Amino acid sequence: MDTRLITAIEVVVGVPAVLIAYIWGTERLVNLAPERLRPRIRPWLWIAPALGFLGLFLLYPTVRTIIRSLYSKSELTPKFVGLDNYRWFITNDGARDALLNNALWVVFLTVFTVGIGMLVAILVDRVGYEAWAKSIIFLPLAISMVAAGVIWKFMYDFKAPGEPQTGTLNALLGSAGLGPVAWLQSPSLRLSTFAMIAIMVWMWTGFAMVIISAALKGIDPEVLEAARVDGANEWQVFRKVTFPLLGPTLAVVSTTMIITSLKTFDIVYTLTNGNYDTEVIANLMIKEMFTFGDFGRAGAVAVVLLLAIVPIMAFNIRQFRAQESIR
Amino acid sequence: MTTVAVPEAPSAPQMAARRPARPQRKFVLHLAVVVLMIIWLVPTVGLLVSSFRPQSKLSTTGWWTAFAPPYQFTLENYQQVINQNGIGQAFVNSLFIAIPATIIPIFVAAFAAYAFSWMEFWGRDVLFVVVVGLLVVPLQTTLIPILRLFAEWGLTGQFAAVWLAHTGYGLPFAVYLLRNFMGSLPKSVFESAALDGANHVVSFFRLAVPMSVPAFAALAIFQFLFVWNDLLVALIYIGLSNSDNLPMTAAMANLVNSLGGGWYLLGAAAFMSMALPLAVFFGLQRYFVRGIVGGAVKG
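Sequence lines, in order, name chains V and D. Residue numbers for the first sequence, in my numbering: 44 to 370. Residue numbers for the second sequence, in my numbering: 12 to 310.
Quick caveat, the hints were computed from the structure, so don't treat them as lab data. Here the structure is a predicted model, which is why all the values come from computation and not from measurement. One should not assume that every hint holds.
To be verified - Derived pair list, reagent style BS3-like, types lysine-lysine, alpha-carbon separation capped at 30 Å:
{"#": "1", "chain 1": "V", "residue 1": "Lys283", "chain 2": "V", "residue 2": "Lys260"}
{"#": "2", "chain 1": "V", "residue 1": "Lys283", "chain 2": "D", "residue 2": "Lys37"}
{"#": "3", "chain 1": "D", "residue 1": "Lys198", "chain 2": "V", "residue 2": "Lys202"}
{"#": "4", "chain 1": "V", "residue 1": "Lys260", "chain 2": "D", "residue 2": "Lys68"}
{"#": "5", "chain 1": "V", "residue 1": "Lys260", "chain 2": "D", "residue 2": "Lys37"}
{"#": "6", "chain 1": "V", "residue 1": "Lys330", "chain 2": "V", "residue 2": "Lys122"}
{"#": "7", "chain 1": "V", "residue 1": "Lys116", "chain 2": "V", "residue 2": "Lys330"}
What the hints assert, rightly or not - Beta-carbon label-pair distances, calculated as ranges:
{"#": "8", "chain 1": "V", "residue 1": "Trp175", "chain 2": "D", "residue 2": "Leu251", "range": "24 to 30 Å"}
{"#": "9", "chain 1": "D", "residue 1": "Leu206", "chain 2": "V", "residue 2": "Leu62", "range": "26 to 32 Å"}
{"#": "10", "chain 1": "D", "residue 1": "Val103", "chain 2": "V", "residue 2": "Leu72", "range": "39 to 45 Å"}
{"#": "11", "chain 1": "V", "residue 1": "Ala269", "chain 2": "D", "residue 2": "Arg217", "range": "44 to 50 Å"}
{"#": "12", "chain 1": "V", "residue 1": "Tyr65", "chain 2": "D", "residue 2": "Glu202", "range": "43 to 49 Å"}
{"#": "13", "chain 1": "V", "residue 1": "Glu268", "chain 2": "D", "residue 2": "Val220", "range": "38 to 44 Å"}
{"#": "14", "chain 1": "D", "residue 1": "Asp255", "chain 2": "V", "residue 2": "Trp175", "range": "28 to 34 Å"}
{"#": "15", "chain 1": "D", "residue 1": "Val220", "chain 2": "V", "residue 2": "Pro82", "range": "20 to 26 Å"}
Here a beta-carbon is modelled for each residue, glycine too, at the ideal position from N, C-alpha and C.
So here's chain V without its partners, still in its complex pose (with noise of 0.2 Å):
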């Protein structure tokens, strides 16, 4: 038998079996401490395991990342270089570039995602189909982000104008009398960052609606009525009652867009892997890290993106700190 399943299958097994073995075993050891002391040790045994995981593959190598960054790319000997890299990446266009792309995805696909996740939750609400509706829009949220791309692979399809295309838009487009679009290898207006985008709205979009149609169930039906009864028209309705109502949820589901957009990399490592000006820092970093072996570099990438993350990360804890106080 494959080694690799009898190790799998003492993984599966094993591991939960040691972890309760430790808490009883841990349980045990409390109770021979003086009664007063056990409350304040025993929380601290539980959580152990997972500010063991926690300290070792998040906040430690995060503060690494941060030193590794401020050194040269030598693997042997890393000299010191203080901000070089950081200028590095200020001064060169390719990350600039990077850049770029990253503030188009963070602005089209929170937008897109959002708005048309919004429009669909208002929408089905008010047909007899809605769960079949809702899955179908759902539905790709399920699958790899690779999977998703070679579906769009598909679809975006390009031959050479003149030969049948099997593509299905340019096929759409050459029925209309258009010509043939390379979707995916065209960087003027970039157009092929424009066209992952639309991969990863396509697949993000079932995420903001099914929140947004949870907020939406979530309104009083009567504070709607009233504002109809007063001769309020549907937008109207809209615009005065439910949209505010809908706030704070659309707040943390944009916040959930910004970051999935920051970190995009799948998409664009399957289909392009940067070419066609459609590089964005996640994809930037594995390219220093694997291509060009620059650690220090790569590690500077890395730190951009944390940085671009945090203040969002700040605007988290603050909405869940507000949340847990009036639980």
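Since chain V is already given, all that's left is putting chain D on it; use the hints.
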């Protein structure tokens, strides 16, 4: 991390037709919804049809021509993908990776979530906020040091590397989701158990765990899909040193990038990789939605 209430899944028609609308407005509404549904379905359906078409047809005609005679469909792409292009092995690898990487973090997170919910200790709230903050740390910032660490431990290329890494990366979300659920369980239940002499271990296994089954289900689905669909982590910790252990996503990415032959197999490969997520999605949609709405942010 959301302020909305936990909803039920997309459910039976709710309050259809809130108010009688004029017929033409109703028509526009239905038209808009149906058009959206079609737009969202076409890409997937197109690839599904393509995956059953012979190679010779794929490069010369669009997938929609398959619906006119002569109807030419074949299973050959799937056979080739499974046998020749290593996708079959990659599918098995994906399972090897995803199942332990789903189970381990759930156990680790459950203990921590219980402690955060039902034990008092100094620094508890601050610590929990730190965990929530870690939700958004980009994985990219952790790659270089962890890769070095794994290299020192001789783990690069091994499944164990991704099991450990996914446990770490999945924990903030797992702790957050479970703590929110466990924390909202009725306090009186735990108090009366304590009065009856139950210690924390007993109330964890007898009360907290059985009552939190929906949250565990949501978390398991979410973590499983996250790991199954992951490309980056597998690429970095496995791909560089041992391509035999690569999961579906990485094998597919290789197939896309290798411009030579094999591109006609992409459809079949993509559908094989989607089979499990789609089954999970259709079978357990209720929990999936709850997972998403219950913890909207994932790092």
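Results of checking the hints against the structure:
The suggested pairing of Lys283/V with Lys260/V holds, with an alpha-carbon distance near 17 Å, which does not exceed 30 Å. Distance restraint check for Lys283/V and Lys37/D: the Cα-Cα separation of roughly 23 Å lies within the 30 Å cut-off, and the hinted pair is therefore satisfied. Between Lys198/D and Lys202/V, the direct Cα distance comes to roughly 65 Å. Violation of the 30 Å bound is thereby established for this hinted pair. With a CA separation close to 48 Å, the supplied pair Lys260/V and Lys68/D exceeds the 30 Å bound.
Restraint check: the Cα-Cα separation between Lys260/V and Lys37/D comes to about 21 Å, which is no more than 30 Å; the hinted pair holds. Between the alpha carbons of Lys330/V and Lys122/V the distance comes to roughly 21 Å, so the proposed pair stays at or under 30 Å and holds. Pair hint Lys116/V plus Lys330/V holds up; C-alpha atoms about 14 Å apart against a cutoff of 30 Å. A hinted range of 24 to 30 Å for the beta carbons of Trp175/V and Leu251/D is inconsistent with their spacing of about 44 Å.
Our hint of 26 to 32 Å for Leu206/D and Leu62/V holds, since their Cβ atoms are close to 28 Å apart. In this structure, Val103/D and Leu72/V meet the distance hint of 39 to 45 Å, their C-beta atoms being roughly 41 Å apart. At about 47 Å, the beta-carbon gap between Ala269/V and Arg217/D stays in the expected band of 44 to 50 Å. Taken as a hint, the range 43 to 49 Å is violated for the pair Tyr65/V and Glu202/D, whose Cβ atoms sit roughly 26 Å apart.
Take Glu268/V and Val220/D: their Cβ atoms lie about 43 Å apart, and the range 38 to 44 Å holds. Roughly 42 Å separates the CB atoms of Asp255/D and Trp175/V, a value that falls outside the hinted 28 to 34 Å. Evaluation of the 20 to 26 Å hint for Val220/D and Pro82/V yields a pass: the beta carbon distance comes to about 21 Å.
Going through the hint list in order, the structure does not satisfy hints 3, 4, 8, 12 and 14.
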